[in-house]
Structures are given as C-alpha cells and as structure tokens.
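Could you build all of it, start to finish, from the sequences and the hints given here?
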Amino acid sequence: MIQLRRTRTLKERLKTRIRRARGDVFVPRDFADLGEYDSVKRALRQLIVEGEIARLGYGVYARVKTNGLTGRPMLAVRGGFDGAVRQTLSKLKVDWRESDTVRQYNNGRTTQVQANPVFEVQSRFNRKLRYRNLEARFEKPYA
Numbered sequence: 001m002i003q004l005r006r007t008r009t010l011k012e013r014l015k016t017r018i019r020r021a022r023g024d025v026f027v028p029r030d031f032a033d034l035g036e037y038d039s040v041k042r043a044l045r046q047l048i049v050e051g052e053i054a055r056l057g058y059g060v061y062a063r064v065k066t067n068g069l070t071g072r073p074m075l076a077v078r079g080g081f082d083g084a085v086r087q088t089l090s091k092l093k094v095d096w097r098e099s100d101t102v103r104q105y106n107n108g109r110t111t112q113v114q115a116n117p118v119f120e121v122q123s124r125f126n127r128k129l130r131y132r133n134l135e136a137r138f139e140k141p142y143a
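Taking full-length UniProt numbering, the leading residue of the sequence shown gets 1, the next gets one more, and so forth.
Treat the hints loosely; a few may be bogus.
Claimed, not checked - Derived pair list, reagent style DSS-like, types lysine-lysine, alpha-carbon separation capped at 30 Å:
no., residue 1, residue 2
1, LYS128, LYS15
2, LYS65, LYS15
3, LYS93, LYS65
4, LYS41, LYS93
5, LYS65, LYS41
6, LYS128, LYS11
7, LYS93, LYS128
8, LYS11, LYS91
9, LYS65, LYS128
Hints were generated in silico from the structure; no laboratory data involved.
Small disclaimer: the values here were computed from a predicted structure and weren't measured.
What follows is the structure, encoded as structure tokens:
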C-alpha cells in the first residue's frame with residue numbers, strides 16, 4: 001500500500017517557523033522563502049484571527065500566549081510591549097536609543113514612569129506600533 005505524504009499548508013509552515021524562531025517579533029520578509037508576499041500576508045492574517053500572533057503595525061507581528069489569569073491573549077515578548085518595540089526597531093535596522101525621560105529615570109533623577117514607550121530615532125521611521133491601548137511614540141533627538 002502506497003502512502004501519500006500530505007503537504008503542509010503555508011499556515012502550518014508559518015506556525016512551525018514562529019514556534020521555532022528565536023525572536024518574538026516577525027515581519028513578512030522573515031517568511032519570504034515559504035511563499036509569495038500576498039500568500040504569506042494572508043496566512044499571517046489567519047494566524048491573527050486564530051490568536052497565534054498579534055499585529056503591532058504595518059508588516060509587524062508578535063508572538064502571543066494566553067494569560068493564565070484572564071484567559072485572554074497577551075504578548076509573549078520578554079519586556080512586554082516595550083520589548084516588542086525594541087525588537088522591531090532592531091529588526092528593521094532603525095538607529096534608535098531610549099528617550100531622555102527613560103534615561104533620567106534609569107539614572108535616578110526622576111521617579112516618573114512613562115505609560116507608553118518613547119524612543120528617539122536617528123533615521124526616518126514613520127510607522128505606528130500599537131497593541132491594545134499601548135502605542136509607541138518616536139521622537140527626533142534634540143541637536
């Protein structure tokens with residue numbers, strides 16, 4: 001008896017790649033070898049609906065896990081949303097650093113903690129990154 005090997009769908013291959021990946025933030029370019037851009041985007045949208053990943057912004061996705069207390073999905077990124085933004089900026093090769101307020105807090109000069117992360121970007125970066133009620137802000141550094 002001949003057994004036919006079932007070919008895995010693009011969505012299944014994406015799930016496997018996401019599960020095995022070292023990072024927690026993904027862009028469609030990470031999956032370019034699996035299929036065409038439109039097909040990959042369509043499969044990523046299906047994974048969002050299934051709760052496997054979350055969309056942070058245009059072409060930026062992050063790993064999600066279920067919160068043990070609430071049962072709702074949450075970012076599975078070390079450092080939460082702030083960590084996801086840092087990984088995104090690094091993955092997109094954007095020259096960035098922490099904002100002045102964060103540096104002051106880390107040096108003990110203030111006790112204010114920002115609710116939404118703020119980053120100084122050296123190069124052009126015009127994307128919006130958000131997750132639920134959190135949104136990252138990007139500022140140009142002062143000269």
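Hints and how they fare:
1. Distance restraint check for LYS128 and LYS15: the Cα-Cα separation of roughly 25 Å lies within the 30 Å cut-off, and the hinted pair is therefore satisfied.
2. The straight-line distance between the Cα atoms of LYS65 and LYS15 is roughly 13 Å, inside the 30 Å bound, and the hint therefore holds.
3. For the hint linking LYS93 to LYS65, the alpha-carbon distance of about 26 Å falls within 30 Å, and the restraint holds.
4. With a C-alpha separation of about 21 Å, the suggested pair LYS41 and LYS93 falls inside the 30 Å cut-off, and the hint holds.
5. Between LYS65 and LYS41 the alpha-carbon distance is near 21 Å, which keeps this suggested pair within the 30 Å criterion.
6. With a C-alpha separation of about 26 Å, the suggested pair LYS128 and LYS11 falls inside the 30 Å cut-off, and the hint holds.
7. Distance check on the hinted pair: LYS93 and LYS128 sit about 16 Å apart at the alpha-carbon level, within 30 Å; holds.
8. This hinted pair checks out: LYS11 and LYS91 have alpha carbons roughly 22 Å apart, not beyond 30 Å.
9. The suggested pairing of LYS65 with LYS128 holds, with an alpha-carbon distance near 23 Å, which does not exceed 30 Å.
Of the numbered hints stated above, none is contradicted by the structure.
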